[in-house]
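Model the full assembly from the supplied sequences, consistent with the hints where possible.
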Amino acid sequence: MNPESSSLPDVRPASRRGSLRRLVALCRKESLQIVRDPSSILIAFVLPVVLLFIFGYGINLDSTALRVGLVMEDQGPEARDFAASLAGSPYLRVIPAETRREAGHALTRGRVRGFVIIPPDFSENLKRAGNAAPLMVVTDGAEPNTASFVENYVRGAWQGWQEHRGERRGEPPAGRSVNLEPRFWFNPSAESRNYLIPGSITIIMTVIGALLTSLVVAREWERGTMEALLASRVTRAELLWSKLLPYYALGTAAMLICVAVSVFWLNVPFRGSWLVLWLVGTLFLGSSLGLGLLLSTVTRNQFNAAMAALNAAFLPALILSGFIYEIRSMPPVIRGVTYLIPARYFVTAIQTLFQAGEIWPVLGQSMIFLLAASVFFIGLTALKTRRNLE
Amino acid sequence: MPAPVIQLEGLGKSFPGGKRPALGGISASIHPGRVTGLVGPDGAGKTTLLRLMAGLLTPSEGRVAVKGLDPAKDAVRLAPVIGYMPQKFGLYEDLTVGENLALHADLRGVTGPERQESFDRLLAFTDLSRFTSRLAGRLSGGMKQKLGLACALLGQPEVLLLDEPGVGVDPISRRELWRMVRELVAGGLTVVWSTAYLDEAELCQEVLLLNEGELLFEGEPGALTGRLRDRCFQIRDIAGNRRQVLTRALCRPEILDGVIQGHSVRLVLRPGQAPPDLQPLGAGPAARLAPVPPRFEDAFMDALGGGPGGESVLARHAHQASADREIVAEARDLTRKFGDFTAVDRVTFEVRRGEVFGLLGPNGAGKSTTFRMLCGLLTPTSGDARVMGIDLKKSPGRARQKLGYMAQKFSLYGNLTVGQNLAFFSGAYGLRGRLQREAVERLVTAFKFEPLLDAPADSLPLGYKQRLALACALMHEPDILFLDEPTSGVDPVTRREFWTHINGLVEKQVTIIVTTHFMDEAEYCDRIALVYRGRVIAAGTPDQLKSQVATADQPEPSMEDAFVGLVRQQEAANPPDLAQAKGA
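Taken in sequence, the protein lines are chains P and S. Using this note's numbering, read the first sequence as starting at 148 and increasing by one per residue. Using this note's numbering, read the second sequence as starting at 641 and increasing by one per residue.
Just so you know, these hints were derived from the structure itself, not from any lab. A portion of the hints provided could be inaccurate.
[To be verified] DSSO-like, lysine-lysine: derived pairs with alpha carbons at most 30 Å apart:
{"id": "1", "chain 1": "S", "residue 1": "Lys1088", "chain 2": "S", "residue 2": "Lys1148"}
{"id": "2", "chain 1": "S", "residue 1": "Lys659", "chain 2": "S", "residue 2": "Lys713"}
{"id": "3", "chain 1": "S", "residue 1": "Lys977", "chain 2": "P", "residue 2": "Lys531"}
{"id": "4", "chain 1": "S", "residue 1": "Lys1088", "chain 2": "S", "residue 2": "Lys1033"}
{"id": "5", "chain 1": "S", "residue 1": "Lys1033", "chain 2": "S", "residue 2": "Lys1049"}
{"id": "6", "chain 1": "S", "residue 1": "Lys728", "chain 2": "S", "residue 2": "Lys659"}
{"id": "7", "chain 1": "P", "residue 1": "Lys531", "chain 2": "S", "residue 2": "Lys659"}
{"id": "8", "chain 1": "S", "residue 1": "Lys1033", "chain 2": "P", "residue 2": "Lys531"}
{"id": "9", "chain 1": "S", "residue 1": "Lys1088", "chain 2": "S", "residue 2": "Lys1042"}
[Claimed, not checked] Stretch-level coverage of chain P by chain S, calculated; a stretch enters the list once three of its residues show a Cβ under 8 Å from a Cβ in chain S:
{"id": "10", "segment": "171 to 181"}
{"id": "11", "segment": "369 to 375"}
{"id": "12", "segment": "379 to 386"}
[Said to hold, decoys possible] Facing chain P, a subset of chain S residues (Cβ under 7 Å, in silico):
{"id": "13", "residue": "Ala694"}
{"id": "14", "residue": "Leu696"}
{"id": "15", "residue": "Leu697"}
{"id": "16", "residue": "Ala719"}
{"id": "17", "residue": "Gln727"}
{"id": "18", "residue": "Tyr732"}
{"id": "19", "residue": "Leu743"}
It should be emphasised that the depicted structure is a prediction, and the values quoted were computed from it without experimental measurement. Where is the CB? At the ideal position from N, CA and C, for every residue including glycine.
Have a look at this one:
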């Protein structure tokens, strides 16, 4: 506390060792804060697992066992045979109803997704040649997706029954209708879980990358600790790296947990290489962290940073990444916008890695874009980061 | 005098969107080995000036030089020279004392054998050695302040910049900090200390007095107060109503400024004027005029050209409450716990009609918590709170209709206009139709809001905002007015104007309950309760409390002396555990 002389100390322009020491000190500080802040642990480790289980078990875009009402107005043997075959379909759960009224009521109450009417003249119509529409299917137009599922499954069951019936009667196969048997590649059982879970890893990484990071930097501004840091010898690069590295480590750890839970617990097949996954994850984290840092650097306020991160990172990742909503079915303008969302490329890459393996034309394109996004956001943050409070 | 360490030449700083420059062309010099105070109310430009010196902001005009270097451009070379402690001390609350120190040591390049030696020295100096593994967030305000200081002192800087180190810290810790700073200065360190407390200015060796970005004075504080020699008096032994005496005195042309000080009235004369005759002021037959030494606040008022005058237009329009001296508010064994922390511990007091009652204590002492329980905003853990005879536990809503509440920082809607704020608050207090119109009209007339009705509240100067907040709290003509830290950080002129209104209301038998951490403001109260760590450690009139600590050495202690003395007496009587005592 007793300055010997009033001359300025000899300060070399930030030596490399000093810089490394400061960076290590800042990273250590950041890690301690992460470990001691229950909310960051919650966001990085608990939230991902919860989300994975929600996507793994709760949300299911497959339509197995759709509840369908059945009104038998014809009690003939043919009608009962068809009803049995309908009940035997793995996709449908048949709930019998006495009258059309009752079935209609069940539909409006949401107890069934649609209902099938076997009209009184069903057997009569069948006997005639060139039988035309002997069945009636009523579905809920308010849910067109489910409605078309119901329609298709009933149609499938109808075709299958007709075929059987023909066989039993010894009719030549040529006389029967053409049968279409769909076959899915890469996700043979066409389970939505297998593409939802890789997609949800994207959401988790976005939350960690953009939301958590934007909050911590904004918090430094709010609590005045940034001011204390800036008054020391810290350089812009040190500040930036000290935020990127610990959260990169946190994000990578969270990704590992996600992938491990998906593969080993939820039994989602993983066909790619772990190295490539790590590479793609790193690139995506780069863009995500970069965006988070940029937002908090610009807003300097936790509330605004969180709102901005939600709108600029989380919602686009959820809606525009192709994770839930098919990009090809979006209007052209929105489709154009998705090309600017890093999450879109990560979703593509990670779904490819999980379900198909290393398809380089797909992965390469995604990785190039993710690299560009990382460079863009981190570069912009570096430009916007000031060594002062201006 | 040695060459200055810091030089300001026409230094100005404007922020985009600011109505006036935060700092308007200041020239001054700061000399080595001294404590220089940057003194002024909130918005005076103190923090901006400190940040310019620390190189955290770049000047809009003029220049600042620290040891001949531009701090904004030569940040790397100046970093080891300057130690900077921002407001709120710049500590990581989730890091321990030791980790905070280690981080700052690494950032400031304190390594090798020097490192441990610095830690030992600074921990001993700040008396924090036993707390190295405690999280900074768990330290008391005083300990945080000392840790902040220790961090800023790492690497042996030559210049120490402290931004409002005394805010929110109890007076005992504040004195401790001053002792440490004096020790550092004796060792050759240059200290710049910014403060809104005018009494702290007197402790500095040199002062830059700032107001609204302008430099009012540069030099030794004694030189400023010296201008007021023989112009400061106290009217003592007043027999009549001292508030009326003050009001009458302030209406006289020879009086520059006046405030209530306990049972006395302090007056500052305009230059070259003779003291007034006491009899026309209604001070009673025994009243006498005693010369007193000028304070820095008197000098500030003088520099600003005097106070706002004595009469409150508001009081003229206020309704007269009944004049009996019944108890209108009382707390009995009031206790509030937050988890295992007892914020308010068995607080008991009563307030009679027409009284000004103050809860005085540092931040975190439990004033605001007590207050919120009395207003029915917080439920007590145990004990009773009554306002106008209504039990706040049973019917807080009914009690709230009888009281007016002005929260800290005014709680106005900044983007609503003055008229809209008035309309909203009158509606919120349940006024409708004709009654509402009349109430708003009455206050618009009283406070002269007519030309401002369409101005957004945010655009108003501080004094007007305060007036508007007061108007909103008075909308339903409450019998009791609760004021939470009403004048912290405002300039003395605005503070006086505010108290003029309050005094006027008291004349109409409105009861005032006020919290403050300003020791001086406590002098305006009829009775005060000293709150310290959740307890009322003493209660009485300001003069009674001061006389309790008066000694032969200190015949006329200040309110702060009284506070410090009473806390020490209390702690001597029942010593708290060691860790807590050291935290004070």
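Does Lys1148 of chain S lie within 30 Å of Lys1088 of chain S when you go C-alpha to C-alpha? 20 Å, holds
Straight-line alpha-carbon gap Lys1033 of chain S to Lys531 of chain P, limit 30 Å: Violated, at about 53 Å.
Cβ contact check, 8 Å cutoff: the segment 379 to 386 of chain P against chain S, three residues minimum: With 3 residues in contact (Cβ-Cβ under 8 Å with chain S), the coverage given for the segment 379 to 386 of chain P holds.
Does the closest beta carbon of chain P sit nearer than 7 Å to the beta carbon of Ala694 of chain S? With a closest approach of 5 Å, the Ala694 of chain S hint holds.
Residue hint Leu743 of chain S, partner chain P, criterion CB-CB below 7 Å: Since the shortest Cβ distance to chain P is 5 Å, the answer is holds.
Hey, Lys1088 of chain S versus Lys1042 of chain S, does the alpha-carbon distance stay inside 30 Å? Given pair Lys1088 of chain S, Lys1042 of chain S holds - Cα atoms ~25 Å apart, limit 30 Å.
8 Å C-beta criterion, at least three residues: is the segment 171 to 181 of chain P covered by chain S: holds (count 7)
Please check whether Gln727 of chain S passes as an interface residue: C-beta within 7 Å of a C-beta belonging to chain P. 6 Å, holds
Hint check: Lys531 of chain P vs Lys659 of chain S, CA-CA at most 30 Å. Holds or violated? 26 Å, holds
How does the segment 369 to 375 of chain P fare against chain S when you require at least three residues with a CB closer than 8 Å, holds or violated? holds (count 5)
So, Ala719 of chain S near chain P? Judge it on the closest CB pair being under 7 Å. 4 Å, holds
Hint check: Lys728 of chain S vs Lys659 of chain S, CA-CA at most 30 Å. Holds or violated? 27 Å, holds
Checked against the numbered hints above, the structure breaks hints 3, 4 and 8 and satisfies the rest.
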